[in-house]
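Asker: Sequence:
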Amino acid sequence: MSLTNAISAIAVVGAIIIAGEEKSDMSTILGAVAVFASTTNIVSGFLITDRMLKMFKRKEAPRA
37 MSLTNAISAI AVVGAIIIAG EEKSDMSTIL GAVAVFASTT NIVSGFLITD RMLKMFKRKE
97 APRA
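Take the position in the sequence shown, starting the count at 1, then add 36; the result is the number in my numbering.
Simulated restraints, written as ranges between beta carbons of each label pair:
hint, residue 1, residue 2, range
1, 58, 90, 35 to 45 Å
2, 62, 92, 44 to 54 Å
3, 86, 49, 18 to 28 Å
4, 68, 97, 49 to 59 Å
5, 97, 62, 58 to 68 Å
6, 40, 60, 25 to 35 Å
None of these hints come from the bench; they were simulated from the model.
Glycine is no exception: its CB is placed at the ideal position from the N, C-alpha and C atoms.
Please work from the sequences and hints to get the whole structure.
Answerer: So, in structure tokens, the structure goes:
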């Protein structure tokens with residue numbers, strides 16, 4: 037899972053570069069959409085990874 041997050045981080049960098057070039061309004065808008073989509077992908081990837089890791093933690097025994 038962390039590998040896909042790293043790939044998405046590279047996509048964020050590329051999207052920021054595209055959005056910052058200001059060649060046309062359309063490229064800026066599409067770059068901003070790409071930044072948003074990649075950032076959402078990274079955050080949800082970390083949330084899913086955290087949830088998966090919590091499944092493997094031992095539960096505490098109930099106290100009597």
